[in-house]
Amino acid sequence: MSVVSQMSRDGRQLTISIKGRFDFAKHQEFREAYEHQDLESVVVDLKEATYLDSSALGMLLLLRDHAGGDDADIRVINSSMDVRKILAISNFDKLFDIT
Amino acid sequence: MADTHLDRDVLNALQEVMEGEYPTLLDTFLADSEQRLRQLRRAADAQQLIEAAHSFKGSCGNMGALRLAHLCGRLEYTAKDSSLADIEQLLIEIDSEFAIIRPLYEAERQRPLAQS
Amino acid sequence: MNATQPQASLTILIAEDSAADRLLLSSILRRAGHVVLTAANGVEAVAAFRQQQPHLVLMDAMMPVMDGFEAARQIKALAGETLVPIIFLTSLSESEALARCLEAGGDDFLAKPYNQIILAAKIKAMERLRRLQATVLQQRDQIARHHDYLLNEQRVAKAVFDKVAHSGCLNAAPNIRYLQSPYALFNGDLLLAAFTPSGDMHVLLGDFTGHGLPAAVGAMPLAEVFYGMTAKGYGLAETLREMNAKLKRILPVDMFCCAAVLCVSFHRRCVEVWNGGMPDGYLHRVASGERTQLVSRHLPLGVLSPEVFDDCTDVWPMALGDRVFLLSDGVIDTADAQDQLFGAQRLQQVFASNRQPDVLFAEIEQALRDFGGQARDDVSMVEISLLQSGLIHPASLVYSDSGQSCPLDWSVSFEFRAATLRRFNPLPYLLQLLQEVHGLRAQSGPLYSVLTELYANALEHGVLGLDSSLKRDASGFVRYYQQRKARLDTLDEGFIRVHLQVTPTDGGGRLVIRIEDSGEGFDVARVMRRPMDDIRLSGRGVSLIRQLGQNARWSDDGRSACVEFFWEEMA
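Protein chains in written order, with numbering that gives the first Met the number 0: chain A, 0 to 98; chain B, 0 to 115; chain C, 0 to 570.
Bound conformation, chain A alone:
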């Protein structure tokens, strides 16, 4: 299972963990991880993500749109150097809290 999601006990924070390449192949799994949930705050954990491409950026935008658009509370954590560079060039740190 390369996309694992877990809701916190109080039901207020969803953590989605990505293993391996974060690319178009994970499209469906990623969407299924959040689409039937009520989202208050979301954490995307990229600790085991090896690679990120523009379709992953698109998937993050879909998540943000689903989670309330401009009001969404989404954090992207444990990004590697490479991943962070990609997020920086596209300035996605203006939309997501990235660490």
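Hints in this document: simulated from the structure, not taken from any laboratory. Possibly wrong hints are sitting among the right ones.
[Said to hold, decoys possible] The list that follows gives simulated cross-link-like pairs (lysine to aspartate or glutamate, DMTMM-like), each with its CA atoms no further than 25 Å apart: (1) C:Lys245 <-> A:Asp64; (2) A:Lys46 <-> C:Asp338; (3) C:Lys111 <-> B:Glu33; (4) C:Lys247 <-> A:Asp92.
[Said to hold, decoys possible] Chain B stretches covered by chain C per the calculated footprint, using a threshold of three residues with CB under 8 Å from any CB of chain C: (5) 3 to 17; (6) 20 to 28; (7) 42 to 56.
[To be verified] Some chain A residues close to chain C (C-beta under 7 Å, calculated; not the full set): (8) Asp64; (9) Ser89; (10) Asn90.
For each residue, glycine too, the CB sits at the ideal point set by N, CA and C.
Chains B and C: place on chain A using the hints.
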């Protein structure tokens, strides 16, 4: 057993498969075998002898003539290294084995169809 | 002996020289429901195969005339791509003989004496394989057909796109060099270039998410906005806002377009840059060899809603001969045989070791070729140099109406106040208005340049009170534009008035443009004393106005500027 002339079980199985065609199969085999015996005698060199013996062995096996198949096998494997005298001896044995089983097959022709 | 599940009836060829064995096998197979063909030697077997195309072959290894091995080879050759399983019938026990069966193309073997159950099982297994192979071939052909359809769709899309892109100047301008794969469009790579009416050049290098048609589809509306607005004289900021809004509206949420957009002004000797998501561009200064990195500061187009979109640009001075390079990430990501990336560092090395700016572009191309080996479809690169303005000739717009109903004697006045000055650029509208006068159309370029210059002066030096001498050096340049933005954002009083008057003359007509601002004015006499063709970074563009228009004059302590244009009746 190498000494069995005709394996009954094989014959039964053949009869079941062939049904009404069983006699035809027996006839075909007998005619075929006579031709092969002639082939064996007419073999010009060791290689031809080996091939003929090999083929005959296969047929005999299918038809349940175990001892005959065994003899053909011996001929196949020893032809290269045997003396003409030894080869002649094997050929005589093969001829006489066939003479024994031939009437047995002919008797089979008369057998009514076994109950299934 | 009735076996397991009923099997589809196959046509099976038995090649066996022993008549009894042949008869036996035929019966076994017929009882199992198959159609049986027989052959007594290899030649008969091949002939029977050619005529009847059986599904499966049972082949005796030793046969006269032509043995089973040769017959098997010939049959496999005749079968081609289709799988026709061949089961060798053999009492060969030595492994070498068995190896011969497989070498000859046999798929399995059946030992004598024949065991019906084993035979049935092998036939079943071979039939499964045969069907599998047939399915594979069918799907392969289907895929090939589908692929052809896709290629054709892409050809059509590209043809349409090329028509849209037709109005650009990518191939016409002497100061642009570019490298782009013919498949770029379907990698989402976009390269657009067009002249503004005043002779400035807008360039866009973009990269849509995705591949194939979805990536190409976003390119067309974007290109239309870019070309349309540029031709009308809209500035970079407005064009960016409109492009972003359009993409945001029409593209799905997860699609966007990374873009590096420039306005290179030959008159003002500067380049205005907006980079959202593209790799660093480079401004290469010829005199000092210095390189300025044009870093991505914005989110890509199509992500933010119009209310929060940031159209803020960076402005850098450019001298004659300076160049700007933009690249797609295909350049940095070009890999060699060991999967090493070309990388930004290597690119910087090429820049650093270049001695002749004119060949820099070719050197980068060469470096990529030398490194890569694997040519990629998404390598796009463009170089724009600042050339002498006389060398650039934007094509003038051609109109087809007769001019019988154009306005020849009229005047209009506008007053733009603070709230409007903050958010509205009236120049495209004013130019549009003046284009109604046919006699002026041939002078659109100079007219627009003069209007732009007058308005910029009135706004920046007049209303905003910016000191043009700040633009004397590169760092001052940056400060100037930062101040411009800050002051404009907080502007709450002031005005600019624009008066246009068109009157007929003997044999033609005359346009008088007067622009007034609410600023402090300037020392007109001192500026006038400067020599006419002195092009500098600073100054109020007064030279330009005097060169392009007639009877340029300033009054009211410099707060009011006036210039005229004349034209003759066309025959």
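Hint check results:
Pair hint Lys245 (chain C) plus Asp64 (chain A) holds up; C-alpha atoms about 18 Å apart against a cutoff of 25 Å. Taking the CA atoms of Lys46 (chain A) and Asp338 (chain C), the gap is about 24 Å. The hint holds against a cut of 25 Å. Between the alpha carbons of Lys111 (chain C) and Glu33 (chain B) the distance comes to roughly 20 Å, so the proposed pair stays at or under 25 Å and holds. Distance restraint check for Lys247 (chain C) and Asp92 (chain A): the Cα-Cα separation of roughly 19 Å lies within the 25 Å cut-off, and the hinted pair is therefore satisfied.
Counting residues of the region 3 to 17 of chain B whose CB lies closer than 8 Å to any CB of chain C gives 6, so the stated coverage by that chain holds, three being the minimum. Beta-carbon proximity to chain C at under 8 Å applies to 5 residues in the region 20 to 28 of chain B; the threshold of 3 is reached and the given coverage holds. A count of 4 residues in the region 42 to 56 of chain B with a Cβ less than 8 Å from any Cβ of chain C is obtained; the coverage claim is therefore met, three being the minimum. Annotation: interface hint on Asp64 (chain A) holds; nearest CB of chain C at approximately 5 Å, less than 7 Å.
Given hint, Ser89 (chain A) at the interface with chain C, holds; its Cβ is 4 Å from that chain's nearest Cβ, closer than 7 Å. For Asn90 (chain A), the interface hint holds, the least distance from its beta-carbon to any beta-carbon of chain C being 5 Å, beneath 7 Å.
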